[in-house]
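Could you put together the complete structure from these sequences and hints?
Residue numbers are given in my numbering: position 136 of the sequence shown equals residue 1454, and the series is strictly consecutive.
FYI, nobody ran anything at the bench for these hints, they're computed from the structure.
Just to be clear, a hint being listed does not mean it is correct.
Below 27 angstroms or equal to it, Euclidean Cα-Cα: the simulated DSS-like pairs (lysine-lysine) are [what the hints assert, rightly or not]:
1) LYS1531 x LYS1387
2) LYS1535 x LYS1423
3) LYS1535 x LYS1434
4) LYS1426 x LYS1442
5) LYS1324 x LYS1470
6) LYS1423 x LYS1531
7) LYS1434 x LYS1464
8) LYS1396 x LYS1439
9) LYS1402 x LYS1384
10) LYS1531 x LYS1439
Using C-beta positions, here's what the derived DEER-type ranges look like [as the list claims (entries may be wrong)]:
11) ALA1469 x LEU1515: 22 to 32 angstroms
12) LYS1448 x LYS1327: 37 to 47 angstroms
13) LYS1384 x LYS1522: 17 to 27 angstroms
14) LEU1511 x SER1385: 35 to 45 angstroms
Beta carbons: idealized from backbone N, C-alpha and C, even for Gly.
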Amino acid sequence: MELRKKFKKIGLIFGLKREMKLVSNKNNNIVCVYGYGKASKNATQELIKAGVNIVINFGFAGSISKSLKNGDIVFIDKLFNEKKEKLSTLKFDKDLLRSIKNSLKFSKGNLLTVNKIIANKEKKLNLAKKFKSISVIDMEAFYIRKELLKAKIPMISIKVIFDDLSFDIPLFIQDCINDDGDLKIVIFFRKLLLNPLILFELLKLNTNFLKSKNVLKNLIDNLLDEQLF
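In structure tokens, the structure reads:
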């Protein structure tokens, strides 16, 4: 079953601008926005004002489960915030899932939206102990769903794992990224000059990013090309 047969106008919302730029096959019934953290609320309002009938949340996420690795695709079932409030996403039509399974390998899991970047394994494992049903973390999905509920608009959330338990996001990188997820060139090179050894961490970061980016791009292209949207 094609989503566009049931929903006339579809909103795609991403955490970062660079994720949104991966959408190459746009048409009049698709509206794309981005925003993470509290900014995701404003992005969601843009979709509501545009008159979308359903929202698909794509983007990178972190894994707090040993079974989910960099590049894995996860279809989100339930959403939580750090206060342990719970929201549900739209249940997938069996025909739609069957169509997706023909071209993509994916898992299903629950997601926790956090207020800041969880950079290292120890903090992720602590979250896993506190939220035993959670396998994925991000910084926007819960906020998006909460806004959409007010407008009675259904949502689907599909995440690609960027940082798994084998990889810690370098702490210095948080100072080098702006609100759009783009590199602050001057600050970055200043840190690199002060500590050239961070280059090795950057190489690992880039490897993870490129794999996640390719998977997300393939995911979006597959779903659009199959005209599921």
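Comparing the hints with the structure gives:
1. Between LYS1531 and LYS1387 the CA atoms are separated by roughly 14 angstroms; this keeps the pair inside 27 angstroms, and the hint holds.
2. For the hint pairing LYS1535 with LYS1423, the CA-to-CA distance comes to about 14 angstroms; that is within 27 angstroms, so the pair holds.
3. Distance restraint check for LYS1535 and LYS1434: the Cα-Cα separation of roughly 25 angstroms lies within the 27 angstroms cut-off, and the hinted pair is therefore satisfied.
4. A hinted pair counts as satisfied when its Cα atoms are at most 27 angstroms apart, and LYS1426 with LYS1442 qualifies at roughly 19 angstroms.
5. Proposed proximity of LYS1324 and LYS1470 is supported: the alpha carbons are some 15 angstroms apart, at most 27 angstroms.
6. Pair hint LYS1423 plus LYS1531 holds up; C-alpha atoms about 16 angstroms apart against a cutoff of 27 angstroms.
7. Restraint check for LYS1434 and LYS1464: the C-alpha separation of about 18 angstroms stays at or below 27 angstroms, so the hint holds.
8. For the hint pairing LYS1396 with LYS1439, the CA-to-CA distance comes to about 23 angstroms; that is within 27 angstroms, so the pair holds.
9. About 22 angstroms separates the Cα atoms of LYS1402 and LYS1384, which keeps this hinted pair within 27 angstroms; it holds.
10. Distance hint between LYS1531 and LYS1439 is fulfilled; the C-alpha atoms sit about 22 angstroms from each other, no more than 27 angstroms.
11. For the hinted restraint 22 to 32 angstroms between ALA1469 and LEU1515, the CB-CB distance of approximately 49 angstroms leaves it violated.
12. Range check, LYS1448 to LYS1327: about 38 angstroms between beta-carbon atoms, so the 37 to 47 angstroms window is met.
13. Between LYS1384 and LYS1522 the CB atoms are about 19 angstroms apart, so this pair conforms to the stated range of 17 to 27 angstroms.
14. Checked against the given bound of 35 to 45 angstroms, the beta carbons of LEU1511 and SER1385, roughly 40 angstroms apart, stay inside it.
Violated hints amount to a single one, hint 11; each of the other numbered hints is respected by the structure.
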